[in-house]
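*Asks:* Spelled out from the first residue to the last, the chains are:
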Amino acid sequence: MGKVIVITSGKGGVGKTTSTANLGTALAMIERTVVIIDADVGLRNLDVVMGLESRVVYTSMDVIEKRCDLDKALVKDRRVEDLMLLAASQRNRKDDIKPEQMQEICEKLKQEYDFVLIDSPAGIEQGFHNAAAGADEAIIVTTPDVSAIRDADRIIGLLQHQGINSINLVLNRLSPTLVKNGNMMGKNEVLDILNIDLLGVVPEDTGVIASTNRGVPLVHSEGSPGAEAYMRIARRMTGQRIPIPEMQEENFFANLLNWFSRNK
Amino acid sequence: MDFKRLFTRKSKSSSIATQRLQLILTQDRFEVSEDSMKKLQFELTEVLAKYFEFTMHSVKMSLKREGSSYVLMADFPYSKSDKLR
Ligand SMILES: Nc1ncnc2c1ncn2[C@@H]1O[C@H](COP(=O)(O)OP(=O)(O)O)[C@@H](O)[C@H]1O
Ligand SMILES: [Mg+2]
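Residue numbers (the numbering used here), protein chains in the order written: chain L, 1 to 264; chain G, 1001 to 1085.
Extracted from the complex, chain L is given alone in its bound form:
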């Protein structure tokens, strides 16, 4: 029996869709069977970030309204083994779906797959409740700024109210240089405030934008800091104990100094 994990945040634009695409792909790369679900009905974009938009025929709405079987609605990602996408309907609205219907889809999928990841819409309304309805666990994505963290805190409260107690944090778009010169909250400050478990830190990485342009999740291109961060997070999700490294500065001279001090 697999796990259903909702990836959510409250605030929009903090990296939920990017994280769903990359963690889904990363988990498939380490040989887990995975379905990623776009729960952002009406504003779907997980298919685009994944580069699978041209192959979407059916959506979760077609499954709910019994126009097709669940299995048939899943789009297979041919770049890795065992990664499927369930797209959202672009023509419908968030309240066209009921929480029980999402729950039913999740229940069925977790019988067959190791991980079911749900890309939640922003906000705390119906769309969020639908996304979280079938979830066993949650990943909160936040960036290190006041409004994103405030919204994350609100979402944590709502998830706990719903009875979801395994809630882990992904801190996205951290810039080591900004943290160091005091212009961005660091990992410890954010953790101290939210007081939930940290699953990982993803650095600000320009590769994310290029990978979105191409429709190829970052984790396919080995070696970039963002890809490595997502691979480590995926491994932690499978229960491996991998330490969270202190972030390297992206600054050339800082890296050089670091290199010298490591190699002397």
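To be clear, the hints were calculated from the coordinates, so they are not data collected in a lab. No residue lacks a Cβ here, since even glycine has one placed at the ideal position from N, Cα and C. Mixed in with the good hints, there may be bad ones.
Said to hold, decoys possible - Covered by chain G, according to a simulated footprint, are these stretches of chain L (three or more residues, beta-carbon under 8 Å): (1) 144 to 158; (2) 194 to 207.
Stated by the list, open to error - Simulated pairs of lysine to aspartate or glutamate, EDC-like, Cα-Cα distance not exceeding 16 Å: (3) G:K1012 - L:E189; (4) G:K1064 - L:E189; (5) G:K1064 - L:E104; (6) G:K1064 - L:D192; (7) L:K66 - L:E31; (8) L:K66 - L:D96; (9) G:K1012 - L:D145.
Model the placement of chain G with the ligands on the given structure of chain L, informed by the hints.
*Replies:* Chain G with the ligands alone, transformed into the frame defined by chain L:
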């Protein structure tokens, strides 16, 4: 020329963010207005002032998440000169 300003560094914007968040979240989590918070602080201080001498302004209250519940924390700093009445 304001030498003091030249030599005292501005507080880091990240620590300002942390402080603002702590205040905002305490109010969000409490679901009370800033006014009610102030009133609560004031009344608590009044009760404690029956036993201790306090400097009112230094009282700090916050709500910290512990698992799925919260812990109310109130700091009433006092110095040795604040004697037990
Ligand atoms: N680690 C990162 N580094 C750089 N850009 C990022 C990073 N994570 C996300 N982004 C960018 O931020 C924007 C919003 O990301 P997205 O995943 O769509 O957020 P959400 O789904 O939460 O609205 C996108 O343009 C994406 O490319
Ligand atoms: Mg999104």
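*Asks:* Would you mind marking each hint as holding or not holding in the structure?
*Replies:* Hint check results:
For the stretch 144 to 158 of chain L, the assignment as covered by chain G holds, since 8 residues bring a beta-carbon within under 8 Å of that chain's beta-carbons and 3 suffice. Look at the stretch 194 to 207 of chain L against chain G: 3 of its residues bring a Cβ nearer than 8 Å to a Cβ of that chain, three or more, so the hint holds. Distance restraint check for K1012 of chain G and E189 of chain L: the Cα-Cα separation of roughly 13 Å lies within the 16 Å cut-off, and the hinted pair is therefore satisfied. Annotation: proposed proximity of K1064 of chain G to E189 of chain L holds, straight-line Cα distance about 13 Å (limit 16 Å).
Taken as a hint, the K1064 of chain G and E104 of chain L pair is broken in the structure, with Cα atoms around 36 Å apart against an allowance of 16 Å. Our distance criterion of 16 Å between C-alpha atoms is met by K1064 of chain G and D192 of chain L, whose separation comes to about 9 Å. Of the supplied pair hints, the one linking K66 of chain L and E31 of chain L is violated, its CA atoms being roughly 31 Å apart against a limit of 16 Å. Straight-line distance between C-alpha atoms of K66 of chain L and D96 of chain L comes to about 14 Å, which keeps the hinted pair within the 16 Å bound.
A C-alpha spacing of about 14 Å is found between K1012 of chain G and D145 of chain L, which places the hinted pair at or below 16 Å, so the restraint holds.
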